[in-house]
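*Asks:* Mapping the sequence shown onto the working numbering, position 72 (from 1) lands on 84, and the numbers just tick up by one.
Treat each hint with caution, since some may be false.
[Stated by the list, open to error] Dumping the calculated DSS-like pairs for lysine-lysine here, alpha-carbon to alpha-carbon at most 27 Å:
1) 146 x 179
2) 109 x 16
3) 128 x 109
4) 128 x 179
5) 128 x 146
Hints in this document: simulated from the structure, not taken from any laboratory.
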Amino acid sequence: MNLKDKVAIVTGGASGFGAAIARRLSQAGAAVMVADLNAEGGQRMAAELTAAGARAQSVVCDVASQADYQRMVETTLSQLGGLDIVVNNAGTTHRNKPALQVTEEEFDRVYRVNLKSIYWSAQCAIPHFIAQGKGVIVNVASTTGVRPGPGLTWYSGSKAAMINLTKGLALEFARSGIRINAVNPMIGETPMMADFMGMEDTPANREKFLARIPLGRFTQPADVAAAVSFLASEDASFLTGVCLDVDGGRNI
13 MNLKDKVAIV TGGASGFGAA IARRLSQAGA AVMVADLNAE GGQRMAAELT
63 AAGARAQSVV CDVASQADYQ RMVETTLSQL GGLDIVVNNA GTTHRNKPAL
113 QVTEEEFDRV YRVNLKSIYW SAQCAIPHFI AQGKGVIVNV ASTTGVRPGP
163 GLTWYSGSKA AMINLTKGLA LEFARSGIRI NAVNPMIGET PMMADFMGME
213 DTPANREKFL ARIPLGRFTQ PADVAAAVSF LASEDASFLT GVCLDVDGGR
263 NI
């Protein structure tokens with residue numbers, strides 16, 4: 013996949029899936045803006061990409077904030093000279109537990125981060141894409157948005173909404189030359205793994221979740237990065253509204 017001369021934003025790009033996505037887009041030739049709440053982590057990732065010969069910058073961004081999202085877009089345009097791809101990867105979850113035990117504060121945080129980010133992405137990035145006649149958005153949703161399970165009910169609802177929004181926005185802006193897709197990872201080896209499992213991250217506890225995955229392993233950050241890179245590239249030029257399961261067969 014060739015992303016030479018493209019400019020991409022990756023939110024939550026300092027760690028986990030986001031770091032792998034930033035690396036993969038960079039390796040494909042894109043200049044990358046690493047956006048994250050963790051300023052130090054974002055700077056480290058941008059420095060890593062730069063050391064590997066890429067163009068990269070970092071910006072601190074709360075993706076649920078209009079001011080932060082708009083500043084991120086404007087900073088990307090001014091520092092990297094354009095914007096072609098937005099990857100909405102930043103997200104959060106409540107700990108895996110019964111639905112009635114999730115607090116209002118936890119609920120609000122999950123929906124604020126996971127869905128407000130999509131709203132501000134549309135409000136802040138799509139006008140630029142319309143003006144230039146093209147652009148790509150890739151949202152990182154979840155298999156639980158398609159096939160929910162007990163313990164992550166409210167989180168799953170936020171990801172189901174993200175999937176629906178992906179399809180709705182894809183329809184609305186297709187005629188403007190904008191493609192909007194999503195990837196749906198299964199539980200992966202990221203810093204949030206213990207929260208998703210609702211228990212200590214041990215080999216024995218991992219086995220309980222591995223049993224649900226036909227291909228017999230967890231989603232790796234590189235798996236998600238490969239899917240995002242494909243959807244962001246011209247190889248996927250006729251794909252929009254696609255929500256691609258990256259789940260080892262979990263959703264079959």
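*Asks:* All the hints need checking, so say for each whether the structure fits it.
*Replies:* A quick look at each hint next to the structure:
no., hint, result
1, 146 x 179, "holds, 17 Å"
2, 109 x 16, "violated, 44 Å"
3, 128 x 109, "holds, 23 Å"
4, 128 x 179, "holds, 16 Å"
5, 128 x 146, "holds, 23 Å"
In terms of the numbered hints stated before, the structure departs from hint 2 and from no other.
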